[in-house]
Amino acid sequence: MKKYLLAILLLALIQMAFGQDQGNQTKQDSVIVDFGRSGKIVILVDNQADFERLKTLDVNQIIRELNLEMDEKTGKLHVVELKGKEIVTVREDAQETEVSVGRFRVIVDEGGDKTHVRVESKDRKPKKVDPGFRTYFNFDLGINNYLEDGNFPSGASPYSVKGWGSWNVGLNWMASQRVAKGAYWDFGLGVQWYNFKFEDTRFQALNQDGNVAWVLRDDVAGFKSKVSASYLTAQTLFRLDFGKMNDAGRNGLRVAAGPYAGYRLGGRSKYVYRDLPTSGRRREKESAGSYLNNLRYGVRGEVGFRSVTFFTTYDLNELFLPGQGPSLNPISFGLVF
Numbered sequence: 004m005k006k007y008l009l010a011i012l013l014l015a016l017i018q019m020a021f022g023q024d025q026g027n028q029t030k031q032d033s034v035i036v037d038f039g040r041s042g043k044i045v046i047l048v049d050n051q052a053d054f055e056r057l058k059t060l061d062v063n064q065i066i067r068e069l070n071l072e073m074d075e076k077t078g079k080l081h082v083v084e085l086k087g088k089e090i091v092t093v094r095e096d097a098q099e100t101e102v103s104v105g106r107f108r109v110i111v112d113e114g115g116d117k118t119h120v121r122v123e124s125k126d127r128k129p130k131k132v133d134p135g136f137r138t139y140f141n142f143d144l145g146i147n148n149y150l151e152d153g154n155f156p157s158g159a160s161p162y163s164v165k166g167w168g169s170w171n172v173g174l175n176w177m178a179s180q181r182v183a184k185g186a187y188w189d190f191g192l193g194v195q196w197y198n199f200k201f202e203d204t205r206f207q208a209l210n211q212d213g214n215v216a217w218v219l220r221d222d223v224a225g226f227k228s229k230v231s232a233s234y235l236t237a238q239t240l241f242r243l244d245f246g247k248m249n250d251a252g253r254n255g256l257r258v259a260a261g262p263y264a265g266y267r268l269g270g271r272s273k274y275v276y277r278d279l280p281t282s283g284r285r286r287e288k289e290s291a292g293s294y295l296n297n298l299r300y301g302v303r304g305e306v307g308f309r310s311v312t313f314f315t316t317y318d319l320n321e322l323f324l325p326g327q328g329p330s331l332n333p334i335s336f337g338l339v340f
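Heads up: the sequence shown is residues 4 to 340, going by the working numbering.
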């Protein structure tokens, strides 16, 4: 049984010899044995001592030991056919010998009365290549709030917001450059929509001489009161993917952080109410551009695992122009899709 293992090793060595770079072959002495129409065996020799030992080898005896038959029509002797280079490993102990070629393993067990041969193979899964540069789109969906002197406004404040309904929506075109294994520098350009839905629907945000004022509407039954704004935003993030670092793919923690800046595209206040004497629902909309800040800038952070990624943003500047509204710094939480 050992001779078959030696035959496998010989075949692997012949394949490796044919796969050597042509430039390396020119630096070594070679013995070429031609047979049939296109058959060829190449033996590379590094020194004179190995060449002398080569003289003692009987190539015909090696071929006979392989028990292979030659195709008389073509004159070719097919030893083995492999696509690409294979790595051959051999493990041998007192009772078992294992030869691995690529995804196949031949295990010879001679520990009992009979010799057992077992062939195993591993499913070959295509390896995903991590590109050096790529572009993609993503979608942010979260909720908005803001901080006043480091705290969320209390419920008694007319501009305190509802968590559910104060949506943050973003569409981003991203480009990612790999700078090292598992480390990336991302750049993005997109549009974000801020919605701040007020908790107390009795108050309406109105423009009074260029300033924002929350006016008590006790003459109607209010259903919805909010201020919204949209921004063209550019961002950059430095991202670490520990799954890629450890060759675990998506099964690893991902973290990212970086700055962003945006320019306001539009903004308005909206109030939905019902007149007290009647049941008809009415809407009032008003431009909020006179008191909203035209620029926004801040920092963004992301944390992800597998297919789930969370984001948070914090504006370092205020939502309203200085002196034309309360000092509120927007903050957002949500998911990246």
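If you're looking for bench data, these hints aren't it; they were derived computationally from the structure.
Do not take every clue at face value.
[As the list claims (entries may be wrong)] Derived pair list, reagent style BS3-like, types lysine-lysine, alpha-carbon separation capped at 27 Å:
id	residue 1	residue 2
1	227	165
2	184	131
3	131	200
4	227	200
5	184	273
[What the hints assert, rightly or not] Here are the simulated distance ranges between beta carbons:
id	residue 1	residue 2	range
6	108	235	22 to 30 Å
7	178	123	16 to 24 Å
8	150	241	54 to 62 Å
Small disclaimer: the values here were computed from a predicted structure and weren't measured.
All C-beta atoms in this analysis are idealised placements derived from N, C-alpha and C, irrespective of residue type, glycine included.
Results for each hint:
For the suggested pair residue 227 and residue 165, the alpha carbons sit about 11 Å apart, so the restraint of at most 27 Å is met. Of the supplied pair hints, the one linking residue 184 and residue 131 holds, its CA atoms being roughly 14 Å apart against a limit of 27 Å. Taken as a hint, the residue 131 and residue 200 pair is broken in the structure, with Cα atoms around 44 Å apart against an allowance of 27 Å. The straight-line distance between the Cα atoms of residue 227 and residue 200 is roughly 7 Å, inside the 27 Å bound, and the hint therefore holds.
Between residue 184 and residue 273 the alpha-carbon distance is near 49 Å, which puts this suggested pair outside the 27 Å criterion. The hinted window of 22 to 30 Å between residue 108 and residue 235 is violated, with their beta carbons roughly 58 Å apart. Look at residue 178 against residue 123: about 44 Å separates their beta carbons, and that is not inside 16 to 24 Å. Under the hint 54 to 62 Å, the C-beta atoms of residue 150 and residue 241, about 25 Å apart, miss the expected range.
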